[in-house]
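Student: Chains as they are written, first to last, in our numbering: chain X, 1 to 486; chain W, 1 to 451.
Derived from the structure by calculation, the hints contain no laboratory data.
Derived DSS-like pairs: lysine-lysine, alpha-carbon spacing no greater than 30 Å straight-line:
| no. | chain 1 | residue 1 | chain 2 | residue 2 |
| --- | --- | --- | --- | --- |
| 1 | W | Lys109 | W | Lys126 |
| 2 | W | Lys126 | W | Lys196 |
| 3 | X | Lys108 | W | Lys93 |
| 4 | X | Lys295 | W | Lys325 |
| 5 | W | Lys115 | W | Lys196 |
| 6 | X | Lys480 | W | Lys260 |
| 7 | W | Lys325 | X | Lys480 |
| 8 | W | Lys325 | W | Lys262 |
| 9 | W | Lys262 | X | Lys480 |
| 10 | W | Lys94 | X | Lys108 |
| 11 | W | Lys93 | X | Lys109 |
So these bits of chain X aren't anywhere near chain W, every CB distance computed over 12 Å:
| no. | residue |
| --- | --- |
| 12 | Phe18 |
| 13 | Lys108 |
| 14 | Val169 |
| 15 | Gln182 |
| 16 | Asp231 |
| 17 | Lys233 |
| 18 | Pro328 |
| 19 | Met368 |
Backbone N, C-alpha and C fix where the C-beta goes; we use that ideal spot for every residue, glycine too.
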Amino acid sequence: MSVGLILLIVLGLGVLGFFIGRQRALSVADGEPRNLHSLPGYYGWEVFLFATVPALVLLVAWLFIQPVVIENRVSAMLPEADIAQAGSITLVMTDVRRIAQGLDAVAKKAGLDEAGINAMRADLTDMRGRLASVGVAIGSNVTPSTLEAAKAYRNLNSSFSQVKSIAVVLTALAGFAWALFQINPEQRARNLVERFTLVLLASSSLIAVATTFGIVFSLVAESIHFFKLYDFKQFFFSTTWNPKFGGGSDLGIWPLVWGTLYVSFIALIVSVPIGLMAAIYLSEYANKTVRAFAKPAIEILAGIPTIVYGLFALITVGPFLRDWFAQPMGMGNSSSSVMTAGIVMGIMLIPFVSSLSDDIINAVPQSMRDGSFGLGATHSETVKQVIMPAALPGIVGAVLLAASRAIGETMIVVMGAGAAAKMDLNPFEAMTTITVKIVSQLTGDTEFASPETLVAFALGLTLFCFTLGLNVIALVIVRKYREQYE
Amino acid sequence: MSDATSQMPAAARPKHSLFEPDARTRRRNAAETRFRFFGASAIVVAVLALVILLASVLGSGLGAFRQTFIHIPITLDATALDKGGNRNPEDMKKVTTIGYAKILEQGLKAAIAEKGLTVDPALTAKQIAGLMSQDAAAQLRNQVLADPSLLGQTIEFSALANGRVDGFLKGRVTLESAARDSNISPAQLNLVSEMKDAGLVSLDFNPAFITSGDASEVRPEAAGLGVAILGSAYMMLIVLVLSLPIGVAASIYLEEFAPKNKLTDMIEVNISNLAAVPSIVFGILGLAIFINFMGLPQSAPIVGGLVLTLMTLPTIIIATRAALKAVPPSIRDAALGVGASKMQAIFHHALPLAMPGILTGTIIGLAQALGETAPLLLIGMVAFVRETPGAPPEGFFDPASALPVQVYNFTQRADPAFVERASGAIIVLLVFLVIMNAVAIMLRRRFERRW
Numbered sequence: 001m002s003v004g005l006i007l008l009i010v011l012g013l014g015v016l017g018f019f020i021g022r023q024r025a026l027s028v029a030d031g032e033p034r035n036l037h038s039l040p041g042y043y044g045w046e047v048f049l050f051a052t053v054p055a056l057v058l059l060v061a062w063l064f065i066q067p068v069v070i071e072n073r074v075s076a077m078l079p080e081a082d083i084a085q086a087g088s089i090t091l092v093m094t095d096v097r098r099i100a101q102g103l104d105a106v107a108k109k110a111g112l113d114e115a116g117i118n119a120m121r122a123d124l125t126d127m128r129g130r131l132a133s134v135g136v137a138i139g140s141n142v143t144p145s146t147l148e149a150a151k152a153y154r155n156l157n158s159s160f161s162q163v164k165s166i167a168v169v170l171t172a173l174a175g176f177a178w179a180l181f182q183i184n185p186e187q188r189a190r191n192l193v194e195r196f197t198l199v200l201l202a203s204s205s206l207i208a209v210a211t212t213f214g215i216v217f218s219l220v221a222e223s224i225h226f227f228k229l230y231d232f233k234q235f236f237f238s239t240t241w242n243p244k245f246g247g248g249s250d251l252g253i254w255p256l257v258w259g260t261l262y263v264s265f266i267a268l269i270v271s272v273p274i275g276l277m278a279a280i281y282l283s284e285y286a287n288k289t290v291r292a293f294a295k296p297a298i299e300i301l302a303g304i305p306t307i308v309y310g311l312f313a314l315i316t317v318g319p320f321l322r323d324w325f326a327q328p329m330g331m332g333n334s335s336s337s338v339m340t341a342g343i344v345m346g347i348m349l350i351p352f353v354s355s356l357s358d359d360i361i362n363a364v365p366q367s368m369r370d371g372s373f374g375l376g377a378t379h380s381e382t383v384k385q386v387i388m389p390a391a392l393p394g395i396v397g398a399v400l401l402a403a404s405r406a407i408g409e410t411m412i413v414v415m416g417a418g419a420a421a422k423m424d425l426n427p428f429e430a431m432t433t434i435t436v437k438i439v440s441q442l443t444g445d446t447e448f449a450s451p452e453t454l455v456a457f458a459l460g461l462t463l464f465c466f467t468l469g470l471n472v473i474a475l476v477i478v479r480k481y482r483e484q485y486e
Numbered sequence: 001m002s003d004a005t006s007q008m009p010a011a012a013r014p015k016h017s018l019f020e021p022d023a024r025t026r027r028r029n030a031a032e033t034r035f036r037f038f039g040a041s042a043i044v045v046a047v048l049a050l051v052i053l054l055a056s057v058l059g060s061g062l063g064a065f066r067q068t069f070i071h072i073p074i075t076l077d078a079t080a081l082d083k084g085g086n087r088n089p090e091d092m093k094k095v096t097t098i099g100y101a102k103i104l105e106q107g108l109k110a111a112i113a114e115k116g117l118t119v120d121p122a123l124t125a126k127q128i129a130g131l132m133s134q135d136a137a138a139q140l141r142n143q144v145l146a147d148p149s150l151l152g153q154t155i156e157f158s159a160l161a162n163g164r165v166d167g168f169l170k171g172r173v174t175l176e177s178a179a180r181d182s183n184i185s186p187a188q189l190n191l192v193s194e195m196k197d198a199g200l201v202s203l204d205f206n207p208a209f210i211t212s213g214d215a216s217e218v219r220p221e222a223a224g225l226g227v228a229i230l231g232s233a234y235m236m237l238i239v240l241v242l243s244l245p246i247g248v249a250a251s252i253y254l255e256e257f258a259p260k261n262k263l264t265d266m267i268e269v270n271i272s273n274l275a276a277v278p279s280i281v282f283g284i285l286g287l288a289i290f291i292n293f294m295g296l297p298q299s300a301p302i303v304g305g306l307v308l309t310l311m312t313l314p315t316i317i318i319a320t321r322a323a324l325k326a327v328p329p330s331i332r333d334a335a336l337g338v339g340a341s342k343m344q345a346i347f348h349h350a351l352p353l354a355m356p357g358i359l360t361g362t363i364i365g366l367a368q369a370l371g372e373t374a375p376l377l378l379i380g381m382v383a384f385v386r387e388t389p390g391a392p393p394e395g396f397f398d399p400a401s402a403l404p405v406q407v408y409n410f411t412q413r414a415d416p417a418f419v420e421r422a423s424g425a426i427i428v429l430l431v432f433l434v435i436m437n438a439v440a441i442m443l444r445r446r447f448e449r450r451w
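With the rest of the complex left out, here is chain X (with noise of 0.2 Å):
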């Protein structure tokens, strides 16, 4: 049984609980709902969330827990010898499980039964080439063990699911019958639901936390793996990054901070002025017709999918530049650059900036403003001595955000920057950032236990430090200026 049948059978147990409760509730009341301690519809509920809710947790709980339980049933399964040759058991584990996909492939062309499968030997026909035939490359040849561990792997996984699909649906009859024999004219079960309803809402705030611990989990669990493989001296110090499918690759972060840095210098340069002062020109002087019209366009371009940017990056400001710019001046022919990525990446920023910074010089009182018109300042000298230096704090701290933006930001840069990985100071040229790489290194065809693939997860850990570490600062920055004025 699927999840999704799974989920269906226990929904409608659910809603069917939810009438039954309630009419058991008005028949041990004699029809007479003045009889019970809640209302008959808060029976009802009972019974829905006693069937729902624990069948539910079980499932969530149970599809987490079956692979890591199946994974070392099998690895315990697997020969010494099978390990040491294949350098390590999460390379034999990987192979373990393409061999059980490829498997159902085999049998699904061959029109083979289970039975079939499991009369399958390694030693007698040639499973690479039929694994081949269906579409799954295995990287060595396929060892007896390796293919029992495989049929083991597809016979537990069908088996636990098997069990899966009954514990669950036991699970959810179990609840309704439970809460159903439960009611009776004097159990409170406004109370019973409201107190169910309370921690329901209490652990979905709970899922935000879980999100973050994931995120940390698996990029450091990941990482760790990749440091195990690769030598952190070698990432954190080394400035060549070449990496080779097949070992011996330098994975050196440098040149993809080096990058990462330049586009969002650039991208803070064009941003920051245009964001700012588009900010101070609709607080300080536009009328209501220029605001109306100038403040939702430029929400339009916060509103805008990055892609969109990166498709005008690749297909209209990069060959704009290389052939008005980098050629004339012989700084380069290539069309994605710093510079293509910079210049689009500032324009998405634009909106990000002055709707912060907007916030910010709105949020500076009056009577300042009242204070330096009263001795005779213009208006572009209040802006400049007064405001400013009032909001200074607050609009460092929007830069910084804007700047973790930037960091963090991926299509633009995948799609206008280029792949290159090199230090260079001409802005006109290819380079590449930490987001691209993490792109390239998990797309395509991938093996989880290279270090060509793992350093993503490392890349990964460095990006969310780095972008964390901005906003926490930012918003460090920003709570401060708030209480002055408070």
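Add chain W to chain X, keeping to what the hints say.
Tutor: Just chain W now, kept in the frame of chain X:
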């Protein structure tokens, strides 16, 4: 004191009238004008950037909705296409597209001869047939298999033209560029212009761009967005079903019930931080947890939906909390006063009043999720998917694409015809976004209450 004033040296008094600004005032006024000008030009630059951005995408993408078709009468030879002669689609499936390609080739030749067009003798039969898309044969085959009674008849068939021919009609391919192109020759293009004059070739609206699946590298003319739109729709469905209840539940707890303590603080900090985590990190999370650890299939809408749900949650939570906060406490107090429990006061009174704000926030969150690309690349949505995913819930686990990823996919291909396709896909994406945002604005205008 009055003495001191009268003793002021006359030289300190300004020589000219106050109505004539002196050099310093002029300088200050000039600085003021300059500053104003900079401000105005910043606005102009931003608006101009928006206009250029939209113009470049619209300009290069509108062509994707029109496609070149070759209209020819085709005689469907029953003996060649249905060897058994029993009109059984199962038996007819044995005839592959190659058989249909032959019929198309003959039909095209006959049509050219009938119109009396001059054909460059250097053109081979293969080159003439090459004017049609490789997909045309499959198109014809599907049409016949769907309706076997067509066999033996002569039908008016509109065959997709080759991508280069399409480019020629749209001005992307010229005779000069064809001379350097191994895929098309100037002689072929000359024939196309004659066929166009004779009415055999025309640019028509192409609904297949919206409905059909992706096509391979060599046939850009057949590539469509059907699978991508469906995949995006599935993901939005998952995001909506998961993030709306979870987001609202979390907000109710944090806004109405949570005690002021360390744990609550931690949750709040967490949510605001999650909103600022780069989207690609969510992709890594999806890859590591949902695919590698839980073993969910790659490029499936379910994984994309889960990842996008996690990304959308902070947006929805922030919007919902603002909406709940905007409901005045007097409403809750009144409910409590007539004997409702706290839970009833919130669920029966505060929440319904906050609903317009919540829905607006949800739609904006969904619009963001719809345009998100980077995390989907990592969970394998970038794979080439031609088959339409099945119906939900099983279809959630089938491989699919997504609109923004399809755009990226198109840009990664060598044939310049795909650039037009990518821009066309962006137009579709933007249309969806505009609709969603318009609905959000409408909801806000119509239902928002000021207390």
